[in-house]
Amino acid sequence: MPSPIIAFEKVNKWYGNSFHVLRDIDLSIQTGERIVICGPSGSGKSTLIRCINRLEEHQQGVLRVDGAEIGDDIKVIDDVRKKVGMVFQQFNLFPHLTVLENLTLSPMWVGKLPKKEADARAMEQLQRVRIAEQAHKYPLQLSGGQQQRVAIARALCLTPKIMLFDEPTSALDPEMIKEVLDVMIELAGQGITMVCVTHEMGFAKAVADRVIFMDEGQIVEQNTPDAFFNNPQNERSRDFLSKILGH
Amino acid sequence: MSKPPSHPPSKRWSWRSQAFRSLVYQVLAVAVIALLVLFLAHNTATNMRQRGIQSGFDFLLGTAGFDIGESLFTFDSGESYLQAYLVGVTNTLRVAVLGIVLTTILGTLIGVGRFSRNALVRGLCRMYVEAFRNIPILLQLLMWYLIFTEFLPAMAEAWEVGPFFLSKGGLNFPIPVWANGHVWAAWGLLLGVGAAVAWRKHAWSKFIATGVPHGMFWMPLGIFLACGIAGWLLGGAPTETNFPIRGEFSVENGGSLTPEFLALLIGLTMYTAAFVAEVVRSGIQAVPQGQAEAASALGLSQSHSMRLVQLPQALRVIIPPITNQYLNLTKNSSLAVAIGYPDVVSIANTAINQTGRAVECIALIMLVYLSTSLATSVLMNWYNARSEIKER
Amino acid sequence: MSTYAPIAPRPAPAAASGWIGWCQSNLFHDWKTSLGTVLIGLVFLALAPKFFNWAIVDAVLNGGHEACQAAHGACWAVVKEKFRFMIFGRYPQEEHWRALVCTSMLLSLILASCTRAFWKPWLPALWVLVLVMYFALMRGGVAGLRYVETDLWSGLPLTILLASLSMVMAFPIAMLVALGRRSGMPAIRSLCTVYVELIRGVPLISVLFMASFMFPLLMPEGFNIDVLVRVLAGITLFTAAYMAEVIRGGLQAIPKGQIEAAATLGLSYWQTQRKIVLPQALAMVVPGLMNNFISTFKDTSLVAIVSLYELTGAMGMAMNSDANWRAFRVEGYLFIAFIYFVFCYSMSRYSQWIESQVNKSRQR
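Protein chains in written order, with this note's numbering: chain A, 1 to 247; chain B, 1001 to 1392; chain C, 2001 to 2364.
By construction, these hints were calculated from the structure, which means they are not laboratory data. Incorrect hints may appear among the rest.
[What the hints assert, rightly or not] Restraint-style ranges between C-beta atoms, simulated for each label pair: (1) Ser2268/C to Asn1381/B: 20 to 28 Å; (2) Gly2141/C to Gly1255/B: 34 to 42 Å; (3) Glu2197/C to Ser1303/B: 50 to 58 Å; (4) Gln1302/B to Trp2022/C: 49 to 57 Å; (5) Pro2172/C to Asn1381/B: 54 to 62 Å; (6) Met2347/C to Gln1302/B: 37 to 45 Å; (7) Phe2051/C to Gly1247/B: 51 to 59 Å; (8) Thr1376/B to Phe229/A: 42 to 50 Å; (9) Lys2256/C to Ser1303/B: 54 to 62 Å; (10) Ser2268/C to Thr1376/B: 37 to 45 Å; (11) Ser2025/C to Gly1247/B: 55 to 63 Å; (12) Asp182/A to Thr1376/B: 28 to 36 Å.
Yeah, the Cβ is synthetic: ideal placement off N, Cα and C, and Gly gets one too.
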């Protein structure tokens, strides 16, 4: 089996001295896999994916991304961040720049691309998420769903190998969730490795290769979506599923 | 639940390590500052040697050789510099504490006045704030001093209002002669605080049990005052008061406040009150209108709504900036040197001129003000932490 | 069931609208309000005519001090007589035009810098150019102009020079200190915190004393610094600490997610600060910085205590030096207070206008 693109080996993390947020995480993700992570709030799901691009630091264990071990080495972190794109719950677009400027910022200043090429790449990504006509507007002039799609396009401008999604639809009004999920489903069909923390079970069923259920810092169960939703093995998984699928 | 490892994973000591880089930057920064300090200290030492200026704080024990216009306790030119400094500190505190109390009252009234139903009151409060905020405090102090020294009559023809005299020589007022009975009264008041607190605890638990509020405010107040009066009576009920009387050239007896003190107090109070008014106004505005509406929807009266719902929330917003204004008032009292009130800066100025020990004297000034600011910051942080609205 | 027919809007009943309605609602709403209106009205009627008489009717505009002493009203003649001394202080009479030119130049530059049209990359270079010209013209000694020592620079030009120059110089220091206080490196954070808390805990007067008495001692042998430079350095250090706090407030208001997003895009620390954090933070704190400027403008009045005579000091000198006019110091004070008020009030209104502009751009 080819080596995994993301590998967690007995990774542990503490907040302060007492809160053990990630406990002995062992996880392998292959290239091109689409993973959905779900679980109650406070279970450490966001912390897990934020460790992948070093937005959080783990204290114990080994975390490898695309072969390189993530640690204190600045060069490794910079390299990883160029390969991993992230989409946040709160979009985190830069409000003082236009949509186009938001997208070309990194290619120009980090990727050292000339402006013409950066603009072309940006427009291509905007078309991919079907929002090209808003290129010269400011983020706060767009709706929540539109902003999140811009955020996805911004992450895609780095041509990443891995895309991380941290509850991308949780801050959206219900009528805007569909447009973002549609973009994500389309992305999933194009072969990019995706790790997605979400409560949208419909998305998981449609797209995921594997569903991982986390509770209290541990991976409780991982399985294919069908197996997980129809036949949860663990008591806690059953409990969680009954709460979110109940109504 | 296991504990985090006490030794972090081993780091490579290379430029690529984040920890190493930050260490290098910090060491560089500290080194640069240290070198600068050494350079300046060396220059200072050389210059002082050249000019024959001594250094050290031993001058504090030497004789001051100057008189101080007013102080809380007796001081003459034969006392030490240290004594002079203490007089300065007490003078500063005198004007600062009184100023803080007065400015809070005035500022709150004006701040609340900006929400008055009456448009004239609102307009006048607004004009007060704009007028006093936009003129420098030094200029205001000079004007008040001018009023006190030019437009008030000479002491021989002082204005008389009841037992009070107002003139170019300041304000003269009757002051009780300190006797044993007053000490008893002070002890009585102290006991009264304890008794009042105890009574209120009792009344509060009764309220919790029965829901009937009984004697929650006026009783403790009454107990507090009664204990004080009882102490006064036990001490012999001294009533002797020193009344000021109009002498031939001046007003004699009684307590007095100099025009410098009055000008400084009034100037500082009115200037800072403009800022306090703005702080109070923003505090009241910070409480969402919905809070008052919800309170009245629950059937609370206007005063209950104010006391239990709006004021606690407004105070949270008001306390930090108002503490800032108190500190500003204390720091602005240093301008006393411009109108001749002997506060700590004024006395330090005299000391510098007499001994040439600029570094030491300025360091002492800064020490006095820094300890006040620090003490206030600590108090304020404690209050802030205690009254924070707890969030997830 | 009645059928729906749209109702056209009608004007409100007369008693509730227009200025009658306003008066009723704001002045005579209930007995308390009415009482207040009546009382204030009475006080106003009692005092206003007296003040009006003093300030305008009986006032003396022309003539010498004898005319003023003979009259009962305000002596505005003292303002006319001492005007140039109060505004320009000890600057030589014949060279006043130079101070005027320089100050107008500086004021225009400041006003221009406030408008969007001038926010171009060449603005700092323009500032340097104007400042060089300012100092050359004020000081003289070149191009046949008479040399004027810096301790003769006084009055309103000095106020404006001290306030604007110290703000401009304090700004980069304040930015670095604000960033330093938010840094993850404990040594740098402590150094910046100590600096800010030290300066904010002491009155300006002690900093001015320090500048005036101690800076000469801190310099290497034989190195003399001008009193103006000393005072400017003191005010700059003082202002920078307060500005750093204002900027830090703006930095704190930037959501952490912005910095995380920048990190995921691969931007370095300085790139993030320069392109993402500082543009937003600085735009947010413009009202706070304007407050700083207004405070600095008022604080320059303190330099009289270290022998530099800006507007307040110049007025004091003008009034106290001439025994004939000493009795009319009140008018002099009022005039200077009026000048300060005009400057400071306009600046605060401008800052309120900017705040409203910034808020407008935040809405969809």
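Distance restraint evaluation - Pro2172/C, Asn1381/B, Cβ atoms, bounds 54 to 62 Å: violated, 30 Å
Verdict for Phe2051/C, Gly1247/B (Cβ pair) under range 51 to 59 Å: violated, 36 Å
Gly2141/C paired with Gly1255/B, Cβ distance criterion 34 to 42 Å: violated, 59 Å
CB-CB spacing for Asn1381/B and Ser2268/C relative to the 20 to 28 Å hint: For Asn1381/B against Ser2268/C, whose Cβ atoms are near 34 Å apart, the range 20 to 28 Å is violated.
CB-CB spacing for Gly1247/B and Ser2025/C relative to the 55 to 63 Å hint: For Ser2025/C and Gly1247/B the Cβ distance comes to about 57 Å; the hint holds.
Outcome of range test on Cβ distance (Gln1302/B, Trp2022/C; 49 to 57 Å): violated, 25 Å
Verdict for Lys2256/C, Ser1303/B (Cβ pair) under range 54 to 62 Å: Violated - the Cβ-Cβ distance for Lys2256/C and Ser1303/B, about 42 Å, lies outside 54 to 62 Å.
Pairwise beta carbon distance, Met2347/C to Gln1302/B, judged against the given window 37 to 45 Å: holds, 39 Å
Thr1376/B and Asp182/A - C-beta distance against the hinted 28 to 36 Å: violated, 57 Å
Outcome for the supplied range 37 to 45 Å, where the beta carbon pair is Ser2268/C and Thr1376/B: holds, 40 Å
Assessment of proposed distance window 42 to 50 Å (beta carbons of Thr1376/B, Phe229/A): Violated, since Thr1376/B and Phe229/A (Cβ atoms, about 60 Å apart) do not stay within the stated range.
Pairwise beta carbon distance, Glu2197/C to Ser1303/B, judged against the given window 50 to 58 Å: violated, 41 Å
Against the hints set out earlier in the document, violations occur for numbers 1, 2, 3, 4, 5, 7, 8, 9 and 12.
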